[in-house]
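S.K.: The numbering of the sequence shown is UniProt numbering, which starts it at 1 and goes up by one.
No incorrect hints appear here.
Derived Cβ-Cβ restraints for the label pairs, each shown as a range:
(1) T109 - R214: 36 to 46 Å
(2) L107 - L54: 38 to 48 Å
(3) V166 - R126: 27 to 37 Å
(4) G220 - R272: 30 to 40 Å
(5) G282 - P156: 50 to 60 Å
(6) A121 - L59: 47 to 57 Å
These are computed hints drawn from the structure, not numbers from a lab.
Idealized CB from N, CA, C, for every residue including glycine.
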Amino acid sequence: MSHLPLYWRVCLTNGTLFCVGTLVLALSPARVSERVLASEAVVLAVGLVVMATLNALLLLRSLAPIDRVIRTMDSVDHLSPDQRLPTLGNGAGARLVASYNAMLERLETERSTSNAKALAAQEAERHRIAQELHDEVGQSLTVVLLGLKRLERQVPETVRPELAAVRESARTGIDDVRRVARQLRPGVLEDLGLHAALASLATDVGALGRTTVRRTIGRGLPELPQDRELVIYRVAQEALTNVVRHAHAATAELSLCKVGDKVVLTVSDDGRGNADLVAGAGISGMRERALLVGADLSVTSTPGHGTTVRLEVPL
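All chains, please: the whole structure from these sequences, using the hints.
M.R.: What follows is the structure in structure tokens.
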């Protein structure tokens, strides 16, 4: 019976109970008068309750897995892996649960693959834009700056202050272009490693003057693959960007240390916090990056006590 479709299992369950009830009425001494007596009504009511109870118990075993799958589908989070249902027995419900778990496995694999390709393409595009900003826009502004310096020595004294102001604007533009290029492509991460990249990131955020960033880098941190270092850097970058834009915090703390068999990144602030934290594009992006390397990301926020972003990367 366990190999039959669910529809036929329900029909056989109900049919079996009806047959049993019919045999009981036919073979037992129980009889029903033309005018139903009180004792006979009690017997009929008891029989009906027994049949309904047995029917409910038998159907519960077959249909309970379907309800569990429905409840899980209503609450499933595609950014939270390992949401599997236990497979009990070998009936139709167990096969449904197994099929649902296999479907989740396929969806997570396909999503992880597509996210990896999308993020790789995004990093490549950032690299290209940063290089163009540095090589083309930066060099063009440098040529303008040198030309203004030569021109400043040739013009009358009365015009020199205006040229000096234009020259400072060009210099500021060069600095802005370099800063944007560093944000798009963390060259220091490739050249000097994760520690120097995080230190440079904290310095750049602190230089904006809105938030003081304190950093703590633990000793004895192991070497990490390039993809995991990039995930740690991008999560720290996004977290500090959110602190500057939304937290209105006076201070922020960035720490990276080894805890057990994991490298833990923590970014916390003393800003306004938010009780109803909504997973926007920034938080969703951090979670997707964390999933690519099998890391765990948690974001906690308390009104008046700031927000904490914690990334645990397995070694």
